[in-house]
Structures are given as C-alpha cells and as structure tokens.
Amino acid sequence: MILSATNITVRRGPRTVLHDVSLEARPGEVLGLLGANGAGKTTLLRLLAGLDAPEAGTVRYDGRSAAGIGRAALGRQVAYLAQNGAIHWPLKVEEVVALGRLPHRSDAATDTAAIHRAMERAEVLPFAGRTTGTLSGGERMRVLLARALAVEGRALLADEPIAALDPAHQLDVMELLRDVARGGTTVVVVLHDLTLAARFCDRLALLAAGRLHAIGAPMEVLTPGHVAAAYGVEVVAGMQEGEPFILPWRRIEDGGP
Amino acid sequence: MSIPRRRIPSLVLAVAGLVAASTAAPAQAPVAKPQRIVSLNLCADELLVHLADRDAIASLTYLARDARGSTVAREAAGIPINHGLAEEIVPLKPDLVIAGVFTTRNTVSLLKKLGVPLLEIGIAHSPEEAAAQIRTVAERIGEPARGERLASDLLADFARLPPVPANRPTAVVVRPNGFTAGGGSMVDAVMTRAGLDNIAGRNPADRMGQLSVEQIVIARPDVLITDAEPGAPPSLAQEVLRHPALAAMPARKISVPGRLWACAGPELAQAAAILAAGAREAKP
Amino acid sequence: MSRFHAPSQRLLIGSLGALVLVLFVASLLIGYAPLDVGGALSDLIHGRDTLGALVLLQLRLPRALLGAAVGFSLGLTGAAMQGLMRNPLADPGIVGVSGAAALGAVLAFYSGLANVFALALPLGGLAGAAIATALLLALARNGTGTSLLILAGVALNSLAGALTALALNLSPSPYATLEIVFWLMGSLADRSLDHVALALPFMALGWVLMLRIGHGLDALTLGEDTAASMGISLKGLRLSATGGAAAAVGASVAVAGAIGFVGLVVPHLLRPLVGHRPGRLLLASGFGGAALTLAADCAVRLAPIRPELKLGVVTALIGAPFFLALLWRLRREAE
Numbered sequence: 001m002i003l004s005a006t007n008i009t010v011r012r013g014p015r016t017v018l019h020d021v022s023l024e025a026r027p028g029e030v031l032g033l034l035g036a037n038g039a040g041k042t043t044l045l046r047l048l049a050g051l052d053a054p055e056a057g058t059v060r061y062d063g064r065s066a067a068g069i070g071r072a073a074l075g076r077q078v079a080y081l082a083q084n085g086a087i088h089w090p091l092k093v094e095e096v097v098a099l100g101r102l103p104h105r106s107d108a109a110t111d112t113a114a115i116h117r118a119m120e121r122a123e124v125l126p127f128a129g130r131t132t133g134t135l136s137g138g139e140r141m142r143v144l145l146a147r148a149l150a151v152e153g154r155a156l157l158a159d160e161p162i163a164a165l166d167p168a169h170q171l172d173v174m175e176l177l178r179d180v181a182r183g184g185t186t187v188v189v190v191l192h193d194l195t196l197a198a199r200f201c202d203r204l205a206l207l208a209a210g211r212l213h214a215i216g217a218p219m220e221v222l223t224p225g226h227v228a229a230a231y232g233v234e235v236v237a238g239m240q241e242g243e244p245f246i247l248p249w250r251r252i253e254d255g256g257p
Numbered sequence: 001m002s003i004p005r006r007r008i009p010s011l012v013l014a015v016a017g018l019v020a021a022s023t024a025a026p027a028q029a030p031v032a033k034p035q036r037i038v039s040l041n042l043c044a045d046e047l048l049v050h051l052a053d054r055d056a057i058a059s060l061t062y063l064a065r066d067a068r069g070s071t072v073a074r075e076a077a078g079i080p081i082n083h084g085l086a087e088e089i090v091p092l093k094p095d096l097v098i099a100g101v102f103t104t105r106n107t108v109s110l111l112k113k114l115g116v117p118l119l120e121i122g123i124a125h126s127p128e129e130a131a132a133q134i135r136t137v138a139e140r141i142g143e144p145a146r147g148e149r150l151a152s153d154l155l156a157d158f159a160r161l162p163p164v165p166a167n168r169p170t171a172v173v174v175r176p177n178g179f180t181a182g183g184g185s186m187v188d189a190v191m192t193r194a195g196l197d198n199i200a201g202r203n204p205a206d207r208m209g210q211l212s213v214e215q216i217v218i219a220r221p222d223v224l225i226t227d228a229e230p231g232a233p234p235s236l237a238q239e240v241l242r243h244p245a246l247a248a249m250p251a252r253k254i255s256v257p258g259r260l261w262a263c264a265g266p267e268l269a270q271a272a273a274i275l276a277a278g279a280r281e282a283k284p
Numbered sequence: 001m002s003r004f005h006a007p008s009q010r011l012l013i014g015s016l017g018a019l020v021l022v023l024f025v026a027s028l029l030i031g032y033a034p035l036d037v038g039g040a041l042s043d044l045i046h047g048r049d050t051l052g053a054l055v056l057l058q059l060r061l062p063r064a065l066l067g068a069a070v071g072f073s074l075g076l077t078g079a080a081m082q083g084l085m086r087n088p089l090a091d092p093g094i095v096g097v098s099g100a101a102a103l104g105a106v107l108a109f110y111s112g113l114a115n116v117f118a119l120a121l122p123l124g125g126l127a128g129a130a131i132a133t134a135l136l137l138a139l140a141r142n143g144t145g146t147s148l149l150i151l152a153g154v155a156l157n158s159l160a161g162a163l164t165a166l167a168l169n170l171s172p173s174p175y176a177t178l179e180i181v182f183w184l185m186g187s188l189a190d191r192s193l194d195h196v197a198l199a200l201p202f203m204a205l206g207w208v209l210m211l212r213i214g215h216g217l218d219a220l221t222l223g224e225d226t227a228a229s230m231g232i233s234l235k236g237l238r239l240s241a242t243g244g245a246a247a248a249v250g251a252s253v254a255v256a257g258a259i260g261f262v263g264l265v266v267p268h269l270l271r272p273l274v275g276h277r278p279g280r281l282l283l284a285s286g287f288g289g290a291a292l293t294l295a296a297d298c299a300v301r302l303a304p305i306r307p308e309l310k311l312g313v314v315t316a317l318i319g320a321p322f323f324l325a326l327l328w329r330l331r332r333e334a335e
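Protein chains in written order, with UniProt numbering: chain D, 1 to 257; chain C, 1 to 284; chain W, 1 to 335.
Please keep in mind that the hints were generated in silico from the structure rather than gathered at the bench. Any given hint could turn out to be false.
To be verified - With a Cα cut of at most 25 Å, we get these calculated SDA-like pairs of lysine to any residue:
no., chain 1, residue 1, chain 2, residue 2
1, C, Lys33, C, Asp95
2, D, Lys92, W, His215
3, D, Lys92, W, Gly31
4, W, Lys235, D, Gly68
5, C, Lys93, C, Tyr62
Claimed, not checked - Ranges of calculated distance between the beta carbons of each label pair, as one might list FRET restraints:
no., chain 1, residue 1, chain 2, residue 2, range
6, W, Trp328, D, Gly232, 33 to 39 Å
7, C, Asp153, W, Ser158, 51 to 57 Å
8, D, Gly225, W, Leu327, 26 to 32 Å
9, D, Ser65, W, Leu148, 48 to 54 Å
10, C, Arg74, W, Phe322, 56 to 62 Å
11, W, Ala134, D, Pro224, 37 to 43 Å
12, D, Gly232, W, Ala138, 17 to 23 Å
13, C, Lys253, W, Ala303, 45 to 51 Å
Said to hold, decoys possible - Simulated coverage check for chain D against chain W, where a stretch passes if three residues somewhere in it have a Cβ under 8 Å from a Cβ of chain W:
no., region
14, 4-15
15, 22-36
16, 222-234
The beta carbon of each residue, even a glycine, is placed where N, CA and C say it ideally should be.
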C-alpha cells in the first residue's frame, strides 16, 4: 500500500506542529521517521494511520482517502502500534494478540493461523498463556507488536517500538520490521536510534520543528549537517562490516560548533 | 428539621395509639380565663377552635391551616400561626400553652423553665377518652359548658350508631406508606363501634406497624379503608394506596380522610358513621 | 478472535442464566403471606380470578421481574462503564450516576409531572443519569485515574444527594422527606406491573446499546488510539455506552431507587472467569447483577426485620467491604 501525505499542516492552538509536509511510503520498504522530541513525528504517524485529520493537506492510501476506504476497512489494512502502548486489563498474551484480528471478523481457522504466525514472528509463543500483568517491559512491547502483526495489514505504523527494549531485542524487532517489509508491507517506524535507523530503514524522513528537513536514503539524510540542524548534536560516524554507524557525541552549544 | 416531617409523628402517633399517655397535666386551678392561648399541636388547634373564643387564641400551629390534615382549616385562616419554635412563642406572652405529649418537646421544656402555664394533652384511644380530653381542655380554658356540650354530643353520636352485629365484617386500614391502625388505637375503637372487625387489631405485632400490600391482599378483608385524598401531592407513601393489587381486591373500599379520626373531636362520629354505612353494605 | 475459551464462556453464561432462573422462582415463592404458588399459577393460566392469582400476578411477579431487570441493568452498566473508563471502580453508584438518576426521578415525581404523564418518571431518571455520565466522561478522557474517578463520584453524589433532599423538602407532601431513604437506598417493595411496563422498555434499550459495544471495549483494552486504529468509532462507542448506561440506570432508579454496589461487586467477581475480557464481561455481569439483586431482595424478605430493610442496605453490606478491598489493592499496585 502506498501511503502518501501531501502538503500536511497541523496546528495545536497557536503552534504549528506540522508545516506543509509531504512524503510517501511504499510497499516493501521501511521508512524511518526521525526528529527531536516535539518535531512532529508522532503527529505525522497518527495522521498516516488515519487517527487524526490534518487542517490542510491530504493523506491517501493507494490514492484513496480514509473516508473513501471506510473506517472498518482501513482498520484491516493499516496496523498501528502506539507509543508506550497500555494494556488496561490483565488479559492473556494470546488474547491480546488475538485483538489484532478484531477488525477482520473472519473465520476461526484464518484468525487462529494469523494469531499463531504473529506470535511466532514476535517471539511471544513461549509465554502465550501468561497474563500481561506478569510480563517485563520488553515482553509487553513484543506482545503489542505481535498484536499489530496479527492484523496482517498492508501497512504497519509503529511509534518508537524499540524504546523500551534491551539491545538484543532492539535488533530482533528491527530485523522483524525489515522482514515484514520484505513481505510487501509498507512499514513506517518512528525511531530515536540513529544507527539502527541507518542500518534497517530503506529511507529516512528527518523532521525538524514541524518541517520535513530531509528525506531519502539513510546516509543522505544522516549527514552531520542535517543531524546538527535537527537534533543540535555532533555525531561520530563510521563503517563497521560495510554498514554505517552513527553515534550522538556531544551537544552543539549555542553559537555553533 | 424539615417542615413537613413534624406532621408525621403527630398524625401517626395520634392514630396508632402506640403509648397510652395521661390526658392532662396536673391542672392548676384556673385563676382567670386565659386570654392569650397558644397551641403547639394540631389536635389542640382543633379543640381550641371548637371551644375557645376566637379572641382568646393567640396562635395555632401552621398545620391548622392545611385543609388536607386539619378539620378547622377555614376557621383557622385568620388566626396567627406558629411552627413550634420557642422563639415564636415567648414574645406572644401566652397565659396558656397547649402542647401534645409527643410533639415539640424542646420547645415545651423551654417553656416549662420559663414558667409559662402549660397543658399537655395525650392521645385518646376511645370515644370516651376523647370526651374526657375535650372536657379537660374546656375546663382549663374556662369554657366548661361548651366542653360539656361537645363531649356529650360526641358520645351521643356514638350511642346512636347501629348495634354491633355478632358477625362483623373484617376490615383493615391502609394509610400512606402502608401504615395500619392496630388494636388499642382510636381507629380500632371507632372501627369496632362501627361494626367492623379490625384484622390488624388481632395481631399485637402489627399494632402500629406497616403492612405490605401482599399481607393486606392475603388477609382477605371484607372492607378496605384508605385515606387516599384525591388532591394529595405526589409521594411514594400515597402510591401504596393506588397499587393495582389493592384495586383488584374484591373487598368493599371505603375512604376515610385521616383528619376525621386523627384527634379527639366531634369528627370522630363522622368517621364512625361512614364506616358503619360501609359495614352494613359489606356483609361478611 | 473471541473464539478462545468460547465453550467456557457459554458454560458461564448458561450457569449464570440458570442461577437467575432459580432465584427468580425463589423470589416468586417468598412473600409475606403463605401462598400456594402452584395453585395460583394454575388459576392465573386458567383465568380464574382468585386471591392467589392476584398476589402472584400483581405483587410477586412484578417484584421478581424488577429484581432481575434492575439487577441486570446495574451489573451490565457497571461492566460497561468499567470497560469504557478502564477502571474497575467505575460503578454507577460510586461515580454518582445513580444519585443523579434519583434526582431526575425525584424531580419528575414530586413535581407531579409523573402523575400527568407517566413516562416522565423514567425519562427524568434517564436525564439525570445522562447528565452525570456525560459529565464524568468529559472529566475522564483517555483512561481514568482512580483518584479522579472517586473524587468526581464524591462531588456528583453529594451534589445530587443535596439537591434530592432539597427537592423533597420543598415538596408539599408531608411524607416526602421520609422518602429520601427509598431514593438513596432503593427497594422493590410493593412495586406493580405498571412500574415494570414503565421501566422495562428503557432498560431493554440500554441493554441493547451496551451489549453491542463488546468488541469496542475489548479493543479499548489497548488504549483509545489502538482501538481507533482497529476501526472502532470512539465517538460511537462513548455514545452507546453513555446512552445505554443512562437508559438502564435511569429507568432502574426511577422505579426502584438507587441500589448501590451491584455494578461494582458483580463485574469484579466475574472478571477472572471471562479472562478479564471487558467485552465478554458484559452479558455475564448482567446475569450476575440480576442474580445478586434477586438474592438480596429474597434476603430482605426472609430477614426478620420489619418494615423490611431497603435493598441498598443489603447490597452495601456486601459491596462496601469489597470496595474497600479493591481500593486497598489498587493502592498497593500504584505504589
């Protein structure tokens, strides 16, 4: 599914949160959304998920508007993984994952198979029978990811899915997202880890103060100049085993480096 | 304290005959006819209107003007009223205060301390006790002749009632909230004189108790006596009287306004006459 | 998706339904005077106009029907509000919805409006409940903290209670002030089929509205954004829950007064049995509420206390310790 945002503007009171942002996410690719806190990443992701409507501009799904597709159909096609996702009742893990099938109302066998696939991919099968109250932060995040995977939609939008995870699980989840994209799904993910963004995303969109500062291949976007402008930090960058790494190194004081 | 609440005890206690009380406080010999009489009780209001000169009544209770509960609402219209508060009573400088033994107790004890002449009237449980109470009050306010006439008329009215048959129709009184009148009460006495057999009188447990609609229906009374007033303001208490199960009962239904037999007064005979007429038509 | 444990769910609903049936029959059998219920039933069926048939039809049947329907409404509403607010303390009594419904019904009743136009009574209850629910919801968006919910409940309950007392004090009826106990504690004594006919349509409407939102409440387990992303209309969900709660509680309170704690205790007891799924909890809580209310109403008639205890006294005796225990646990979890 081609997700396209065209000339998006969003205001919150007097503040402009997003200003004339246009971008496109394509099937089979992982698009990373980067930017400092408050740059508008989550706002943009929610617009792409159809949760909010922009003041100006349009969001389209394969060229159709959310209204044209319909709320229920959109729910079957676009999976959304919220930041710090809550689980309000102590459900069993497999039941949380099963909620991902809620938009479908398909037959039991189809649902059961999809639920099993999702739990397998997110590696939550070993604790499928536990209640969510007993899980660690990382396990919870993977359960919620499995829920989003169980939708088996044509697009997956994830808001900071690896923020609460240890390094090993961060790698696992990023690999999983790559893998999902390889299957033809459009993946958009909000990230703060520049190295993982560079390694696992096909393209990056860098937001700064509500504007799209840069978009393109990771190494075109994560130049020292762009990173300095977007985050106000100096980076250390290099190559390891033929892949780039980028580490924030020091804050740029006012008045320039 | 809310205003309407005070009326409940006076009505309920007065009719239910829960406790027998002395009909008069030890009477001091009246030096002169009291000229500024204050009443703190609805039953005393009614007696004063019947017995005293209008000019001698300084104040009646506010309840006296309410036609739903008072038999003297029209006569009371021009007389000043009180709400049973000591602050209202003292400035009137009463030379006699008549109070009920169960009502406005705080005011009464304060008036006692201030040395205000006081007559406390209890609850009459039979026409004879009512007549005695009428005479006591009349004596105390210096109108013994009027009292004697009222009392003997009342007793004569009762004497004229048809003789009580051996086989009396059964009856039960349903008041708002499902209250009934049990044995020993004035209502029970009036019913008996009128030729009715009060079912609630048999069981000492429900002397002044509440009866559920189910108990009333199952008791199969021949006569059902209510005091549902057509114009009464809405209340759950009145709803009981309109319950469809009561309406569907085969019993003969008689309505007796509660004000007729709530106090010792000439209206008791009126209540008895209504009941006696009903009893004749409802042969057991 | 809801297929996991579906057989156990059917078993639970079946057993609760059977329990309600048993208690319903028990409620018909228990009364203040001995009644040959079998004979009365046969009289009723054959159209014989006997005393037994009268008692059964006009007194015991409405009482049992209202016990079941009011209980179903309270249990179901508790489950729906808890699912919507994602807080196990959201009981219509505790958060003030029942109190506001009582105020609405009191205004309709004592003003005499209900005498002229009978539907004014349930509609008054409904209006009161709707205003309170809407207020709560406005106050408590996006998952409700326990302290906010309880404080809102305290505020709403005291305001509704004070206004109810004021309305009763200003009422011209001498009995009105005594009747505040009925409105605040609830009772099914001496209700008639008229009350059933008046309230049941509104309750049924509320049930339909609330039973429809099971999927939405399940989705809401993962928060409003996730639920919305799954195609759930949050506005529709809130409207159904609020409207349903207002109709069911408003009509219940209008004919039976505010019976507390049913909506707290029942969902709490049943939640583990439905795997904590808020959607599945709905129907189960309805039946559970009906069972608890019928049982409590049998208890007030069997207890040797006359005049009989108000129903709310019994449910509070059961419910208030529960409430404290629940608060205790939530406090521990918050630490």
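Checked hints:
In summary, the hint linking Lys33(C) to Asp95(C) is supported, as the alpha carbons are separated by about 9 Å, within the 25 Å threshold. Taken as a hint, the Lys92(D) and His215(W) pair is honoured in the structure, with Cα atoms around 17 Å apart against an allowance of 25 Å. For the given pair, Lys92(D) sits about 45 Å from Gly31(W) by alpha-carbon distance, which is inconsistent with the 25 Å threshold. With a C-alpha separation of about 19 Å, the suggested pair Lys235(W) and Gly68(D) falls inside the 25 Å cut-off, and the hint holds.
For the given pair, Lys93(C) sits about 19 Å from Tyr62(C) by alpha-carbon distance, which is consistent with the 25 Å threshold. The beta-carbon spacing between Trp328(W) and Gly232(D), approximately 48 Å, falls outside the hinted interval of 33 to 39 Å. The beta-carbon spacing between Asp153(C) and Ser158(W), approximately 56 Å, falls within the hinted interval of 51 to 57 Å. Restraint check, Gly225(D) to Leu327(W): a C-beta distance of roughly 56 Å breaks the suggested window 26 to 32 Å.
Separated by about 37 Å at the C-beta atoms, Ser65(D) and Leu148(W) break the suggested range of 48 to 54 Å. Taking the beta carbon of each, Arg74(C) and Phe322(W) are about 57 Å apart, inside 56 to 62 Å as hinted. Taking 37 to 43 Å as the suggested C-beta distance range, the pair Ala134(W) and Pro224(D) does not conform, at roughly 54 Å. Distance hint for Gly232(D) and Ala138(W): a CB-CB separation of about 39 Å, inconsistent with the stated range 17 to 23 Å.
Separated by about 32 Å at the C-beta atoms, Lys253(C) and Ala303(W) break the suggested range of 45 to 51 Å. For the region 4-15 of chain D, the stated coverage by chain W is violated: 0 residues have a C-beta nearer than 8 Å to a C-beta of that chain, whereas at least 3 were required. Here the region 22-36 of chain D counts 0 residues with a CB under 8 Å from a CB of chain W, which misses the bar of 3, and the coverage is violated. Figure legend: the region 222-234 of chain D, annotated as covered by chain W; annotation inconsistent (0 residues with Cβ-Cβ distances under 8 Å, at least 3 required).
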